[in-house]
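> Chains as they are written, first to last, in full-length UniProt numbering: chain A, 1 to 285; chain B, 1 to 264; chain C, 1 to 361.
In short, the hints are calculated from the structure, not lab data. Among the hints, erroneous ones may be present.
As the list claims (entries may be wrong) - If you want the ones that stay clear, here's a sample from chain A, every Cβ over 12 Å from chain C, calculated: (1) Gln46; (2) Arg126; (3) Thr207; (4) Ala242.
To be verified - If you anchor each label on the Cβ, the simulated ranges turn out as follows: (5) B:Met113 x C:Leu31: 33 to 41 Å; (6) C:Gly187 x B:Gly13: 29 to 37 Å; (7) C:Val159 x B:Glu223: 42 to 50 Å; (8) C:Ile329 x A:Thr225: 22 to 30 Å; (9) A:Glu61 x C:Pro66: 28 to 36 Å; (10) A:Glu139 x C:Gly187: 48 to 56 Å; (11) A:Thr225 x C:Glu62: 55 to 63 Å; (12) C:Val159 x A:Glu236: 46 to 54 Å; (13) C:Ile329 x A:Glu140: 33 to 41 Å; (14) C:Leu202 x A:Gly44: 32 to 40 Å.
For clarity, every value in this text was computed on a predicted model and none was experimentally measured. We put the beta carbon where it would ideally sit given N, CA and C, even for glycine.
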Amino acid sequence: MIRRLFIALCAVLLPFGAAAESYPAARRIVSVGGAVTETVYLLGQQHRLIARDTTSVFPPEAQALPDVGYMRRLSAEGVLSVDPDLIIARDTSGPVEVIDLLREASIPVVFTHDSFSAEAVVDNIRVVGRALGTPERAEELARGIEADLAALQRDIGQLSERKRVMFVLSAENGKLNVAGDDTGADGMIRLAGAVNVMAGQYSGYKTVTDEAIIKSAPEVVIMMTGRGEHDGRKDEILSLPAVALTPAAQDGGFVLLDGSALGFGPRTAEAARDLHARIYGQSEH
Amino acid sequence: MLNAGDINVKLGGTTILQGVDFHARPGELTSIVGPNGSGKTTLLRAMTGEVPFTGEVELNDRNIRSMKPHELAAIRGVLPQATALAFPFTVIEVVRLGLEAGISAGRETLPAMALERVGLAGYEGRFYQDLSGGEKQRVQLARVLAQIWEPVLDGAPRWLFLDEPVSALDIGHQLTVMQLARDYADAGGGVVAVMHDLNLTAMFSDRVTLMTGGQVAASGSAEAVLRDDHLSRAYGVSVHTSVPPPLGGIYILPQAATSPGLKS
Amino acid sequence: MVALPQTSPIAEAPSGDRQGRARQIRALLLLGLGLAALLSLGWGAADDTRVIGAILSGFGLETGVPVRDTIIVWDIRMPRMLTGVVVGASLAVSGVLLQGLFRNPLADPGLVGVSAGAGFGAVMAIVLGGLLPLALQARLGLSLVPVAAFLGGWASTLVLYRIATRHGRTSVATMLLAGIALAALTGALTGLVVYYATDDQLRDLTFWGMGSLAGASWSKLLAAGPIMVLALLASPFLARGLNGLALGEAAAMHLGFDVQRVKNFAILSVAASVGAAVAITGGIGFVGIVVPHLLRLIQGPDHRSLLPNAALLGAIVLLLADLVSRVVIAPAELPIGIVTAMLGGPFFLWILLRNRNLVEV
Chain A
1 MIRRLFIALC AVLLPFGAAA ESYPAARRIV SVGGAVTETV YLLGQQHRLI ARDTTSVFPP
61 EAQALPDVGY MRRLSAEGVL SVDPDLIIAR DTSGPVEVID LLREASIPVV FTHDSFSAEA
121 VVDNIRVVGR ALGTPERAEE LARGIEADLA ALQRDIGQLS ERKRVMFVLS AENGKLNVAG
181 DDTGADGMIR LAGAVNVMAG QYSGYKTVTD EAIIKSAPEV VIMMTGRGEH DGRKDEILSL
241 PAVALTPAAQ DGGFVLLDGS ALGFGPRTAE AARDLHARIY GQSEH
Chain B
1 MLNAGDINVK LGGTTILQGV DFHARPGELT SIVGPNGSGK TTLLRAMTGE VPFTGEVELN
61 DRNIRSMKPH ELAAIRGVLP QATALAFPFT VIEVVRLGLE AGISAGRETL PAMALERVGL
121 AGYEGRFYQD LSGGEKQRVQ LARVLAQIWE PVLDGAPRWL FLDEPVSALD IGHQLTVMQL
181 ARDYADAGGG VVAVMHDLNL TAMFSDRVTL MTGGQVAASG SAEAVLRDDH LSRAYGVSVH
241 TSVPPPLGGI YILPQAATSP GLKS
Chain C
1 MVALPQTSPI AEAPSGDRQG RARQIRALLL LGLGLAALLS LGWGAADDTR VIGAILSGFG
61 LETGVPVRDT IIVWDIRMPR MLTGVVVGAS LAVSGVLLQG LFRNPLADPG LVGVSAGAGF
121 GAVMAIVLGG LLPLALQARL GLSLVPVAAF LGGWASTLVL YRIATRHGRT SVATMLLAGI
181 ALAALTGALT GLVVYYATDD QLRDLTFWGM GSLAGASWSK LLAAGPIMVL ALLASPFLAR
241 GLNGLALGEA AAMHLGFDVQ RVKNFAILSV AASVGAAVAI TGGIGFVGIV VPHLLRLIQG
301 PDHRSLLPNA ALLGAIVLLL ADLVSRVVIA PAELPIGIVT AMLGGPFFLW ILLRNRNLVE
361 V
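Looking at chain A on its own, in the form it has when it is part of the complex (with noise of 0.2 Å):
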């Protein structure tokens, strides 16, 4: 069939269309991704926005636009039926052939690149500034907060001593769900110059036992604020049998992180410059 063909012309010749990344005229911009989002208000053009993903909730004035759905679950008619023209994605977006059939829909796709380091964080900026066409305002950005992540790097250059330090996720009935390699938490304790424990053991999320937890010693323990929680918390985990018997239950040495601190965007230098001093301030008393 003619419409057919047409389509498969498109899929051929869309990738080179799409080489230059920049689209400067693009009015109706879906971004998919938190840290694709705070970037684009942080760059000014959020007037270009008309939707978000579930995921795009800083800053709040995102969450008022309509939103296309969870990240990994975009629905394509959801998107096409805001009628975008750029749209602008972590690369762990999906599942892919929606992604192929907005691509089909002549509508460009950018990616920026997921992972939990520094250079992720300003490269992204600077992928997202090209792509709404401002690149010197993006330029700007990135400098500014690999500034502020040098700086920091300064300062952790100067400590004597790492400190061993543990995240958890949950604690459901006392088992924890502690974070291992090549998550969000991993590289932003590394990104505060401090060590986690469990590097080198695991990756992602898992229950470890409470004897790995003894034996792998935290100094401090790390968890997220949720909805509702309150300093008891500190107590109720650093009370459980296998962290009592930490430096960190004696230390007294807590530290209760925003959920947001670990979306490796904008905010990451900030997050990072608190959670050093965090860790590092609460070891003086």
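Chains B and C: place on chain A using the hints.
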């Protein structure tokens, strides 16, 4: 003819039937009797192909092992002891299943006629599961009748296998159903019935096979088989048979050791 | 005659003949399916789509509708609608076949191991797909998860079938029990694989388990559709045998049915069509139980009319559920499994409570 030779059945390591020979002729009602666990139902099931057996069964001179299910269904119908229906069918829908064999297909009046024959006219729209046990059994009999309505088709007899057809029935319906089986045989069909009630057996059967312990204890005409000695041995109780004048048939009465009456 | 107001609330039939009613219902369902299909094509998050123009332009007519509309109608809604029709019909018909085979109105594909096996296959593909040689990954690409689900479903059914078949006879009871054991085993293996999954993979697994028509595409439909259509077309040939089986296996045999053949065809057809359905849409519950059950209450359990009507009603139910799933929180969408369970669960309970007597068989 129905000829079963050297039938052996083993279920789970236990021998149920051992070297059983069984014969039945069209135009006759042949009953299989015997105490509980003597293997009479198993014999019927072996001859209908429901349980694996060794030995040979021939029906109308054909080995049933070589016959396809639809070929068998064309010449014999089987009434099981009890049938639990999986879904809420109406009575008429159940009887119509008898037409599924294909032989009677398209004969839409048969089910109603069959229902009338078993005394259930007007029950068409009732739900099968709401019927009493006896009514259910008669519905199943109507289904089997719808399957092989003519006792003789194309010169060949058809066969009715009945597994305790009257055990759930009141005396009135017992007679209706036994008479129906009798009529089927009288019209040229063959009837094989596993029976519990010895008096009904005596009243309606041409031939009787008495089973004990998985073997044939006696076989022959009703008069030859239903005798005090045979029955007493088979059932392990004292049995008294007589031929009361008004009936002209054998009458069988078991005698308990302490029974006050019947001191002949 | 005893009055039966309690036991026959829907299916009053003085003559006991419900074929006429079944035919009327079929006509209604055909009409309903047409409407549901039109709704499905015409309604969606992109409510400004010029549907008719887009359909015409697909046939090469110059209608001046934007490419976006053509894509929405031809590449999103059309494959999705057709997928909904075949998957819905397949799930409902598979439900009827299994319930007839197991002589139990609550049987579902889980009993022959399709679901557990397909789930295991999908989980393996999602979590461990990255470990395959790159060349194979590239070749299978997007179809890796569906292919693995289909193979997993088939493999587990065949294993079950082999276990339950001795001397050429398949014991339905053994199959049922072995199915429970196999489901527990694949469940445990799935759990083991899940333990090694990353967070993103876990998210994918969760969504896969809830099912969705969102991933429908022409290529998936062309791969899985023919299997399901073939099984659907074959199903009417099993109807009389299943009616016979309602009386029990022995009685079915005495009625002249080759019971083993009915079992073979029913099991293999269910394994193939449910495997294919699960592969392209993930797990979608309730259709296979609610649709046959509802129809049995309205028109009786005769499989000759039950099978085609279940196919139609299954398709309608899935199309409507999909419509809800994509409109209710547009432009985002709910997984359809959530919709069918949320609508189907309470509805099913209501039916059960209303007809308690009819259920006790």
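> Under the constraints set out in the numbered hints, which ones does this structure not fulfil?
Violated hints: 3, 7; rest satisfied.
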